[in-house]
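Novice: For the record, in the sequence shown the residue sitting at position 173 is 1026 according to the numbering used here, with numbers rising by one throughout.
Worth double-checking, as some hints may not be accurate.
Derived Cβ-Cβ restraints for the label pairs, each shown as a range [what the hints assert, rightly or not]:
no., residue 1, residue 2, range
1, PRO1033, ALA863, 24 to 34 Å
2, ALA1030, ALA1089, 14 to 24 Å
3, PRO1054, ALA1093, 47 to 57 Å
4, ARG857, SER1055, 53 to 63 Å
Please keep in mind that the hints were generated in silico from the structure rather than gathered at the bench. All residues carry an ideal CB built from backbone N, CA and C; glycine is no exception.
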Amino acid sequence: MSGRGPAPPAGRVLEVLVAAPTVRVERIELAGGGRAVRKIYSLPRFGQRLRLAFGPGWLGRPKGEREADNLRRLHRGGAAAPPPLAAGSRRDRLGFVRQSWLLLPDLSPRPTLAEVLAGRAPVPTAFADRERLWQAVGASVADIHRLGCFYRDLRARNLLLGEGDLFWIDAAKSRWAKPPLAAAAAALDLAGFVLPLDLPPSAWSALIAGYGAFTDLERPQQLSRLLGRRRRRRLARVLAREAQRQSAGRNPVRIDGP
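Could you build all of it, start to finish, from the sequences and the hints given here?
Specialist: The following block contains the structure:
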(Lines of atoms letter the chains of each structure in order from A and count residues from 1; the text may use other names and numbers.)
(Lines give C-alpha, C1' and ligand atoms only; values in the text may rest on other atoms or scores of the structure.)
Protein backbone atom coordinates (compact mmCIF):
# COMPACT_ATOMS: atom_id res chain seq x y z
CA MET A 1 0.00 0.00 0.00
CA SER A 2 1.33 3.42 -0.94
CA GLY A 3 1.37 6.25 1.56
CA ARG A 4 3.46 8.03 4.14
CA GLY A 5 4.54 6.26 7.31
CA PRO A 6 5.97 2.90 8.35
CA ALA A 7 4.50 -0.24 6.84
CA PRO A 8 3.52 -3.20 9.04
CA PRO A 9 6.46 -5.54 9.73
CA ALA A 10 6.90 -8.22 7.11
CA GLY A 11 6.66 -11.90 7.95
CA ARG A 12 5.40 -15.28 6.85
CA VAL A 13 1.77 -15.79 7.84
CA LEU A 14 1.32 -18.84 10.06
CA GLU A 15 -2.34 -18.40 10.92
CA VAL A 16 -5.09 -15.90 10.16
CA LEU A 17 -6.95 -15.17 13.39
CA VAL A 18 -9.34 -12.48 12.11
CA ALA A 19 -10.20 -11.54 8.53
CA ALA A 20 -12.74 -8.72 8.22
CA PRO A 21 -13.15 -5.83 5.76
CA THR A 22 -11.37 -3.31 8.01
CA VAL A 23 -9.22 -5.44 10.34
CA ARG A 24 -6.93 -8.42 9.88
CA VAL A 25 -5.08 -10.27 12.64
CA GLU A 26 -2.35 -12.80 11.81
CA ARG A 27 0.22 -14.87 13.60
CA ILE A 28 3.44 -14.40 11.68
CA GLU A 29 7.02 -15.55 11.63
CA LEU A 30 9.08 -12.39 11.52
CA ALA A 31 11.64 -11.91 8.80
CA GLY A 32 14.37 -11.50 11.41
CA GLY A 33 13.26 -14.52 13.43
CA GLY A 34 10.72 -15.08 16.17
CA ARG A 35 6.94 -14.99 16.06
CA ALA A 36 4.41 -12.25 16.72
CA VAL A 37 0.81 -11.23 16.12
CA ARG A 38 0.28 -8.55 13.49
CA LYS A 39 -2.96 -6.56 13.64
CA ILE A 40 -3.78 -4.26 10.73
CA TYR A 41 -6.66 -1.78 10.57
CA SER A 42 -7.46 -0.61 7.04
CA LEU A 43 -9.67 2.08 5.52
CA PRO A 44 -9.49 1.17 1.82
CA ARG A 45 -12.35 3.43 0.63
CA PHE A 46 -12.25 7.20 0.55
CA GLY A 47 -15.74 7.38 2.08
CA GLN A 48 -14.50 5.55 5.16
CA ARG A 49 -11.60 7.96 5.53
CA LEU A 50 -13.88 10.96 5.03
CA ARG A 51 -16.31 9.85 7.77
CA LEU A 52 -13.39 9.75 10.21
CA ALA A 53 -11.85 12.98 8.98
CA PHE A 54 -12.26 14.86 12.25
CA GLY A 55 -11.53 11.91 14.49
CA PRO A 56 -8.80 9.26 14.36
CA GLY A 57 -8.87 9.31 10.56
CA TRP A 58 -7.13 12.67 10.34
CA LEU A 59 -6.75 14.83 13.42
CA GLY A 60 -6.70 12.10 16.06
CA ARG A 61 -4.48 9.18 16.94
CA PRO A 62 -4.89 6.25 14.48
CA LYS A 63 -6.61 3.20 15.91
CA GLY A 64 -3.62 0.84 15.84
CA GLU A 65 -1.39 3.37 17.57
CA ARG A 66 -4.11 4.20 20.09
CA GLU A 67 -4.55 0.51 20.91
CA ALA A 68 -0.79 0.13 21.36
CA ASP A 69 -0.72 3.19 23.64
CA ASN A 70 -3.50 1.77 25.81
CA LEU A 71 -1.90 -1.66 26.11
CA ARG A 72 1.47 -0.12 26.91
CA ARG A 73 -0.04 2.09 29.60
CA LEU A 74 -1.91 -0.84 31.14
CA HIS A 75 1.18 -3.04 31.10
CA ARG A 76 3.35 -0.38 32.71
CA GLY A 77 0.72 0.08 35.40
CA GLY A 78 0.85 -3.60 36.32
CA ALA A 79 -2.37 -4.69 34.63
CA ALA A 80 -2.68 -7.97 32.73
CA ALA A 81 -2.10 -6.64 29.21
CA PRO A 82 0.56 -7.63 26.67
CA PRO A 83 3.15 -4.93 25.90
CA PRO A 84 3.07 -4.00 22.19
CA LEU A 85 6.25 -4.56 20.22
CA ALA A 86 5.65 -1.82 17.65
CA ALA A 87 2.91 0.30 16.09
CA GLY A 88 2.50 2.71 13.22
CA SER A 89 0.24 4.11 10.53
CA ARG A 90 0.23 5.12 6.88
CA ARG A 91 -1.57 8.17 5.47
CA ASP A 92 -2.46 9.30 1.98
CA ARG A 93 -1.30 12.55 0.41
CA LEU A 94 -4.18 14.46 2.04
CA GLY A 95 -3.19 13.22 5.48
CA PHE A 96 -6.04 10.73 5.93
CA VAL A 97 -5.18 7.45 7.63
CA ARG A 98 -5.33 4.57 5.18
CA GLN A 99 -3.89 1.93 7.49
CA SER A 100 -2.75 1.57 11.08
CA TRP A 101 -1.20 -1.43 12.74
CA LEU A 102 0.37 -2.87 15.86
CA LEU A 103 2.64 -5.81 16.54
CA LEU A 104 2.02 -7.90 19.66
CA PRO A 105 3.80 -10.80 21.34
CA ASP A 106 2.63 -14.21 20.17
CA LEU A 107 0.72 -15.51 23.19
CA SER A 108 -0.47 -18.76 21.60
CA PRO A 109 -1.60 -21.35 22.42
CA ARG A 110 -3.58 -19.54 25.14
CA PRO A 111 -7.36 -19.97 24.61
CA THR A 112 -9.82 -17.17 25.21
CA LEU A 113 -12.19 -17.27 28.15
CA ALA A 114 -15.05 -17.46 25.63
CA GLU A 115 -13.59 -20.59 24.07
CA VAL A 116 -13.16 -22.22 27.48
CA LEU A 117 -16.70 -21.37 28.61
CA ALA A 118 -18.15 -22.70 25.35
CA GLY A 119 -16.20 -25.96 25.66
CA ARG A 120 -14.21 -25.28 22.48
CA ALA A 121 -10.89 -25.30 24.38
CA PRO A 122 -9.73 -26.96 27.60
CA VAL A 123 -9.29 -24.80 30.65
CA PRO A 124 -5.58 -24.36 31.48
CA THR A 125 -4.49 -26.65 34.30
CA ALA A 126 -3.62 -23.70 36.54
CA PHE A 127 -7.25 -22.57 36.35
CA ALA A 128 -8.91 -25.97 36.63
CA ASP A 129 -10.31 -24.76 39.95
CA ARG A 130 -13.04 -22.46 38.66
CA GLU A 131 -13.06 -20.41 41.85
CA ARG A 132 -9.39 -19.61 41.30
CA LEU A 133 -10.12 -18.71 37.68
CA TRP A 134 -12.88 -16.24 38.51
CA GLN A 135 -10.90 -14.70 41.36
CA ALA A 136 -8.00 -14.10 38.97
CA VAL A 137 -10.35 -12.59 36.38
CA GLY A 138 -11.87 -10.28 38.97
CA ALA A 139 -8.45 -9.19 40.22
CA SER A 140 -7.33 -8.44 36.64
CA VAL A 141 -10.32 -6.16 36.07
CA ALA A 142 -9.66 -4.45 39.40
CA ASP A 143 -6.10 -3.67 38.26
CA ILE A 144 -7.43 -2.08 35.07
CA HIS A 145 -9.92 0.09 36.96
CA ARG A 146 -7.35 1.02 39.61
CA LEU A 147 -5.39 2.74 36.85
CA GLY A 148 -8.40 4.80 35.82
CA CYS A 149 -9.01 2.83 32.62
CA PHE A 150 -12.54 2.37 31.30
CA TYR A 151 -11.76 -0.61 29.07
CA ARG A 152 -15.03 -0.62 27.09
CA ASP A 153 -14.29 -4.03 25.57
CA LEU A 154 -14.11 -6.28 28.62
CA ARG A 155 -15.39 -9.36 26.83
CA ALA A 156 -14.73 -13.06 27.30
CA ARG A 157 -13.39 -13.22 23.74
CA ASN A 158 -10.75 -10.61 24.66
CA LEU A 159 -9.28 -12.48 27.64
CA LEU A 160 -6.51 -15.01 27.01
CA LEU A 161 -5.92 -17.69 29.64
CA GLY A 162 -2.50 -19.22 30.23
CA GLU A 163 -0.93 -21.49 32.80
CA GLY A 164 -1.25 -19.17 35.77
CA ASP A 165 -1.42 -15.94 33.79
CA LEU A 166 -4.00 -14.11 31.74
CA PHE A 167 -3.96 -11.23 29.28
CA TRP A 168 -6.57 -8.71 28.19
CA ILE A 169 -6.36 -7.74 24.52
CA ASP A 170 -8.22 -5.47 22.06
CA ALA A 171 -7.91 -2.21 24.00
CA ALA A 172 -8.47 0.18 21.08
CA LYS A 173 -11.64 1.66 22.62
CA SER A 174 -10.28 2.16 26.13
CA ARG A 175 -10.59 5.59 27.72
CA TRP A 176 -8.82 7.06 30.71
CA ALA A 177 -9.92 9.06 33.74
CA LYS A 178 -8.37 10.16 36.98
CA PRO A 179 -7.55 6.95 38.92
CA PRO A 180 -9.15 5.01 40.34
CA LEU A 181 -12.08 4.68 37.97
CA ALA A 182 -15.32 6.04 39.44
CA ALA A 183 -17.70 3.41 40.82
CA ALA A 184 -20.46 4.05 38.25
CA ALA A 185 -18.05 3.77 35.31
CA ALA A 186 -16.48 0.64 36.83
CA ALA A 187 -19.93 -0.89 37.31
CA LEU A 188 -20.81 -0.20 33.67
CA ASP A 189 -17.54 -1.70 32.43
CA LEU A 190 -17.92 -4.77 34.63
CA ALA A 191 -21.60 -5.27 33.78
CA GLY A 192 -20.82 -5.29 30.07
CA PHE A 193 -18.44 -8.16 30.76
CA VAL A 194 -20.34 -10.38 33.20
CA LEU A 195 -24.00 -10.04 32.18
CA PRO A 196 -23.66 -11.77 28.79
CA LEU A 197 -21.93 -14.70 30.53
CA ASP A 198 -24.88 -15.74 32.72
CA LEU A 199 -22.55 -16.59 35.61
CA PRO A 200 -23.59 -19.05 38.33
CA PRO A 201 -23.67 -17.56 41.84
CA SER A 202 -20.39 -19.26 42.82
CA ALA A 203 -18.53 -17.72 39.87
CA TRP A 204 -19.96 -14.26 40.58
CA SER A 205 -18.95 -14.50 44.25
CA ALA A 206 -15.41 -15.54 43.33
CA LEU A 207 -15.09 -12.82 40.70
CA ILE A 208 -16.23 -10.09 43.08
CA ALA A 209 -13.96 -11.43 45.82
CA GLY A 210 -11.05 -11.05 43.41
CA TYR A 211 -12.27 -7.63 42.30
CA GLY A 212 -12.53 -6.37 45.87
CA ALA A 213 -15.59 -4.13 45.45
CA PHE A 214 -19.34 -4.48 44.86
CA THR A 215 -19.21 -7.37 47.35
CA ASP A 216 -22.67 -6.46 48.68
CA LEU A 217 -24.27 -7.35 45.35
CA GLU A 218 -25.66 -10.86 45.37
CA ARG A 219 -26.21 -10.98 41.61
CA PRO A 220 -24.36 -9.31 38.72
CA GLN A 221 -27.66 -7.86 37.44
CA GLN A 222 -27.62 -5.56 40.45
CA LEU A 223 -24.70 -3.65 38.96
CA SER A 224 -27.22 -1.78 36.82
CA ARG A 225 -28.67 -0.19 39.97
CA LEU A 226 -25.44 1.80 40.30
CA LEU A 227 -25.88 3.42 36.90
CA GLY A 228 -27.66 6.58 35.93
CA ARG A 229 -30.11 6.73 33.06
CA ARG A 230 -27.47 7.49 30.42
CA ARG A 231 -25.23 4.61 31.49
CA ARG A 232 -28.19 2.24 31.70
CA ARG A 233 -29.07 3.03 28.10
CA ARG A 234 -25.47 2.47 27.12
CA LEU A 235 -25.41 -0.88 28.92
CA ALA A 236 -28.60 -1.95 27.18
CA ARG A 237 -26.98 -1.26 23.80
CA VAL A 238 -23.88 -3.25 24.79
CA LEU A 239 -25.96 -6.22 25.90
CA ALA A 240 -28.09 -6.14 22.76
CA ARG A 241 -25.00 -6.20 20.56
CA GLU A 242 -23.47 -9.04 22.56
CA ALA A 243 -26.67 -11.08 22.44
CA GLN A 244 -26.87 -10.62 18.68
CA ARG A 245 -23.22 -11.53 18.29
CA GLN A 246 -23.35 -14.64 20.47
CA SER A 247 -26.43 -16.28 19.05
CA ALA A 248 -29.02 -15.15 16.55
CA GLY A 249 -32.44 -14.91 18.09
CA ARG A 250 -31.26 -15.02 21.68
CA ASN A 251 -33.38 -12.95 24.06
CA PRO A 252 -31.69 -9.76 25.29
CA VAL A 253 -29.95 -10.05 28.66
CA ARG A 254 -32.22 -8.70 31.38
CA ILE A 255 -31.00 -6.03 33.78
CA ASP A 256 -32.55 -4.95 37.05
CA GLY A 257 -34.57 -1.78 37.41
CA PRO A 258 -33.39 1.12 39.56
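Novice: So, for every hint listed, does it hold in this structure?
Specialist: We went through each hint and held it up to the structure:
1. PRO1033 - ALA863: 24 to 34 Å: violated, 41 Å
2. ALA1030 - ALA1089: 14 to 24 Å: holds, 22 Å
3. PRO1054 - ALA1093: 47 to 57 Å: 25 Å Cβ-Cβ, so the 47 to 57 Å window is violated.
4. ARG857 - SER1055: 53 to 63 Å: holds, 54 Å
Checked against the numbered hints given earlier, the structure breaks hints 1, 3 and satisfies all the rest.
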